[in-house]
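In order, the protein sequence lines correspond to chains B and F.
Using this note's numbering, the final residue of the first sequence is 578, and nothing's skipped along the way.
Using this note's numbering, the final residue of the second sequence is 390, and nothing's skipped along the way.
Source of the hints: derived by calculation from the structure; they are not laboratory data.
For glycine and all other residues, C-beta sits at the position ideal for the given N, C-alpha and C.
Check the hints yourself; a few may be wrong.
[Claimed, not checked] Partial chain F-side listing against chain B, Cβ under 8 Å, derived:
1) Ala75
2) Asn78
3) Arg116
4) Gln249
5) Asp252
[Claimed, not checked] Just the calculated beta-carbon pair ranges, DEER-fashion:
6) F:Lys204 / B:Val324: 44 to 52 Å
7) B:Gly147 / F:Asp185: 19 to 27 Å
8) B:Trp159 / F:Asn282: 52 to 60 Å
9) F:Asp185 / B:Gly327: 34 to 42 Å
10) B:Gln81 / F:Asn282: 22 to 30 Å
11) B:Val149 / F:Pro201: 26 to 34 Å
12) F:Gly144 / B:Trp348: 17 to 25 Å
13) F:Met157 / B:Gly147: 43 to 51 Å
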Amino acid sequence: MEITAAPTALAAGRQASAWRPALVFTASVLAVPVLVVCASLALPFSETWHHLADTVLQDYVINSLLLMLGVGAGTFVLGVSAAWLSAMCEYPGRRFFSWALLLPMAMPAYIIAYTYTGLLDFAGPVQSGLRATFDWGYGDYYFPEIRSLGGAVCMLSLVLYPYVYLLARVAFAEQSTALLEASRNLGRGPWQTLFQVALPMARPAIAAGVSLALMETLADYGTVDYFGVSVFTTGIFRTWYGLGELITAAQLAAFLLLFVFALIVLERASRNRLRFHHGAAGKLHPRIRLGGWRGAFCSLVAAGILLLGFLLPAGQLLVWALDNWRETIDITFLTLVGHSFMLAAIASVCCLLVALLLGYGKRLHPGKVEVSAVRISAMGYAVPGTVIAVGVLMPFAWLDNAIDSFMRAQFDVSTGLLLSGTLFALVFAYVVRYLSVSLQSVEAGLSRIRHSIDESARSLGSSPTRVLRRIHLPMLRGSLLTALLLVFVDVLKELPATLILRPFNFNTLAVRTYELASDERLADAATPALAIVLIGLLPVFLLTRGMRENGNGHD
Amino acid sequence: MKIQLALLPEMRIISIRINNRMETDVSLSRSTFFHRLLTMVLAILASTALPSTAAELNVYSARKEALIKPLLDKYSAETGVKVNLVTGKGDALLTRLKTEGRNSPADVLITTDAGRLYRAHQAGVLQPITDSPTLTMQIPAHLRSDQGDWFGLSVRARVIVYAKDRVKPSELSTYENLADPKWKGRICIRSSSNIYNQSLVASMLAANGEGNTDTWLQGLVANFARPPQGGDRDQIKAVAAGQCDVAVVNSYYFGAMLQADNEQRAAADKVALFWPNQGYRGTHINISGAGVTASAKHPDQARELIEFLARDESQRWYAETNNEYPVRPDIPTSEILKSWGDFKADELDVTVLGERNAAAVMAMDRAGWR
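Working from the sequences, and respecting the hints, build out all of it.
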């Protein structure tokens with residue numbers, strides 16, 4: 024970097040100036056809801072804190088940590104092994120599994136929890152069958168309790184591992200062939216190459232995937248609530264709904280955020296000095312051919328993950344839906360599909376644009392202010408959707424009411440609520456909540472592109488925008504598609520923010536699913552839940568095709 | 021610069037007159053452009069703020085769409101008043117109502133428990149209905165607010181269900197009795213985060229005081245067959261499957277299972293309903309109810325909607341569709357409800373359930389009821 028000619032640097036500095044204010048402005052606006060939540064820490068702490076500390080706070084913290092530990096390990100093992108198989112090995116059915124293993128992503132965590140509970144709890148068919156076969160009664164045998172902390176770890180790992188899988192697969196596929204070949208030539212076997220070269224090289228992507236899964240875990244409410252596991256999120260809602268203390272609940276959420284922030288800082292610091300780049304070109308790494316029993320074993324592993332994460336729960340949903348689709352599918356159902364699709368499409372594109380702005384802007388100006396602005400604006404992912412929604416609700420309502428008061432005072436006209444209760448506020452909330460997803464994806468992609476490429480292009484006189492358009496975007500195609508897909512599916516499943524912020528007479532598939540499921544009408548909830556899954560499949564197909572054309576994934 | 025804005029609502033025309041006294045030609049032309057722009061923006065803003073011509077009511081409802089929309093549609097068909105609906109969780113809707121303040125579009129707030137109505141009243145987002153003799157005469161006094169801020173519309177009873185083959189009804193008597201060691205390892209109940217458990221404990225606090233309730237809770241928690249989990253239907257299924265012998269649930273879930281698919285009906289057939297505390301203060305009940313918001317643009321129509329929800333047909337609808345009890349004692353109930361027999365309901369003012377909600381949650385925290 025130091026060798027860049029001074030005049031070029033100057034010119035670049037001038038041209039790049041628009042990126043910095045744009046970045047800082049966008050990041051600040053997006054940070055508002057999170058800051059609103061954090062601002063609660065400045066308010067006085069109520070007596071309730073004594074009560075919480077004396078009774079339940081310890082449970083919240085310990086259970087949350089255990090849950091994160093479990094889901095972290097679960098998503099890492101499932102995601103990395105699936106990615107390694109898909110990117111590096113040739114085994115029977117690989118092409119099918121490489122996209123099919125994304126399917127669990129379309130399954131909302133609380134839905135998979137409901138279906139597995141239906142199957143595995145004491146009154147379910149599996150245990151009833153066992154009792155009938157062996158003539159057992161209650162207490163005669165051991166069966167793992169599905170509605171428990173361990174159960175929650177399994178459910179969340181099964182639906183969240185695709186984050187790790189997607190990001191790690193792109194990273195493996197884009198890894199320098201030369202490096203892997205060098206490793207093999209120097210006598211390392213495939214396993215040693217995996218653990219000593221490929222995994223460390225893919226670390227930013229894997230870390231990004233796992234941290235997304237963990238943030239989603241921290242924000243999850245539906246699963247832990249249904250399983251009766253006391254974690255931070257259930258505590259937040261218990262404090263808000265049960266004790267009627269919104270401020271204490273916000274303070275709890277703010278502590279959760281500090282916790283997340285510490286995690287992020289720690290992760291960043293641990294790879295501070297390391298750089299993970301790959302060359303732009305280079306021939307593709309030949310897959311390790313696995314035939315015979317080894318190939319069969321790989322197929323079995325992939326099939327097992329697919330069965331548990333998707334086929335089994337989706338099959339249960341299908342059985343329920345086939346029973347009652349005549350009553351549940353009508354005109355209003357099509358409207359729900361339209362609403363869900365539209366919201367997911369708009370929000371995923373918005374998220375991607377903002378993520379590109381922030382990610383690339385940060386690459387151009389990795390200053391302290393810029394970096395922390397981006398970090399804070401992307402923290403919404405770890406906050407339960409309801410809390411984010413309140414963080415959006417308050418500033419919007421404040422702005423609307425301030426404008427209204429001003430107009431009333433000055434012109435005797437009431438402007439009412441301009442933004443509150445509109446789709447704009449809802450999409451804004453989605454961007455705040457899911458920015459992290461697209462940003463992680465974009466940043467993981469950018470981090471694998473050498474700075475020297477930027478510098479060569481810049482020293483040849485290209486503006487930063489031109490470099491982005493002509494060089495980065497084509498190289499990033501896989502990462503960008505990943506970002507779009509992840510947010511699309513996330514928004515499709517999103518419930519709490521939609522529930523609070525949506526306009527009148529505007530429902531989505533997730534809202535319908537929730538209303539029926541929370542009324543304990545699981546069978547009726549199956550049709551909208553299946554529709555979520557099916558719409559979620561669309562971008563999965565697109566992504567697979569896009570990656571194939573791109574050649575990056577050499578599928 | 022002074023801008024006057026005249027509003028002629030009857031003609032729905034906005035005329036904006038701008039008086040300006042500018043000195044030079046150059047600044048005049050520039051400022052004319054600015055004023056035109058401002059005029060346009062003002063006109064657009066003002067037009068969005070005008071009340072619409074057709075009568076419309078906006079409803080925030082914690083009752084799920086399926087359990088309120090059919091009634092609202094019927095109201096629209098009868099009166100020609102369009103009703104717009106947002107559903108959600110009670111506290112979330114309440115927060116939305118509070119932050120939106122005087123500009124909130126909502127006219128009516130519907131909740132599924134008395135606690136939220138009490139909180140709405142405390143937050144000052146409801147306005148009293150003072151001129152509805154229909155409501156005050158039809159709805160019993162302990163199921164509505166004294167000031168007329170909110171009115172109960174349907175009643176939900178929290179009952180005990182027991183396994184027919186393992187429990188004799190004579191063994192059961194009161195909620196208090198469930199803390200007796202004879203029930204050790206035999207009771208299923210859902211999490212204390214559930215509002216209906218919170219209301220039940222709030223009513224215990226009101227009846228027995230804090231000390232007794234703490235002791236009772238410890239005994240009850242010690243009798244749990246498993247850590248609290250799942251919903252009310254899951255508790256009934258667990259009793260049917262033999263994991264526990266008795267469960268505390270809302271009666272309409274039991275009713276819904278009796279009307280559901282074969283598997284659920286088979287489970288429900290193995291258990292029976294018991295009305296607790298009949299010889300004492302009566303079975304614990306909660307209400308769903310509604311109030312007119314303080315910001316309501318159409319308070320009179322909002323009152324009419326609530327009166328509609330309290331009408332005979334609407335009251336019967338709660339019983340027939342969701343197995344809830346009508347709030348009006350004079351309305352006959354459905355077949356299923358009749359089959360459970362009459363019961364004596366706790367006549368505690370449901371406002372108390374709201375007042376004591378936080379204390380109830382704390383008591384359950386202390387007892388380790390998660």
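Problem - Hint check for Gly147 of chain B and Met157 of chain F - Cβ pair distance inside 43 to 51 Å - result: 50 Å, holds
Exercise for the section: Confirm or reject the claim that Gln81 of chain B and Asn282 of chain F have a C-beta distance inside 22 to 30 Å. Expected result: 45 Å, violated
Practice task
Closer than 8 Å between Cβ atoms is the bar; does Asn78 of chain F clear it against chain B? Give me holds or violated.
Solution key: 6 Å, holds
Practice task
Take the C-beta atom of Gly144 of chain F and the C-beta atom of Trp348 of chain B, compute their distance, and say whether it sits inside 17 to 25 Å.
Solution key: 46 Å, violated
Practice task
With chain B as the partner, please determine if Asp252 of chain F meets the hint condition of a C-beta pair closer than 8 Å.
Solution key: Cβ of Asp252 of chain F sits 7 Å from chain B, so the hint holds.
Problem - Distance restraint hint 19 to 27 Å, applied to the beta-carbon atoms of Gly147 of chain B and Asp185 of chain F - result: Once the Cβ atoms are compared, 20 Å apart, the range 19 to 27 Å for Asp185 of chain F and Gly147 of chain B holds.
Exercise for the section: Have a go at the Arg116 of chain F hint: is there a Cβ in chain B nearer than 8 Å to its own Cβ? Expected result: Check passed: Cβ of Arg116 of chain F comes within 6 Å of chain B, closer than 8 Å.
Practice task
May I ask you to test the interface hint for Gln249 of chain F with respect to chain B, counting a Cβ-Cβ separation under 8 Å as satisfied?
Solution key: Status holds, d = 4 Å.
Problem - Interface hint status, Ala75 of chain F versus chain B (Cβ within 8 Å) - result: 15 Å, violated
Handout entry: 44 to 52 Å as the expected CB spacing between Val324 of chain B and Lys204 of chain F, which holds or is violated
Key = 45 Å, holds
Handout entry: Status of the given 34 to 42 Å range, CB of Gly327 of chain B versus CB of Asp185 of chain F
Key = Distance hint for Asp185 of chain F, Gly327 of chain B holds at roughly 40 Å.
Problem - Satisfaction of the hinted span 26 to 34 Å by the C-beta atoms belonging to Val149 of chain B and Pro201 of chain F - result: 33 Å, holds
Violated hints, in rising order: 1, 8, 10 and 12; the structure is consistent with all others.
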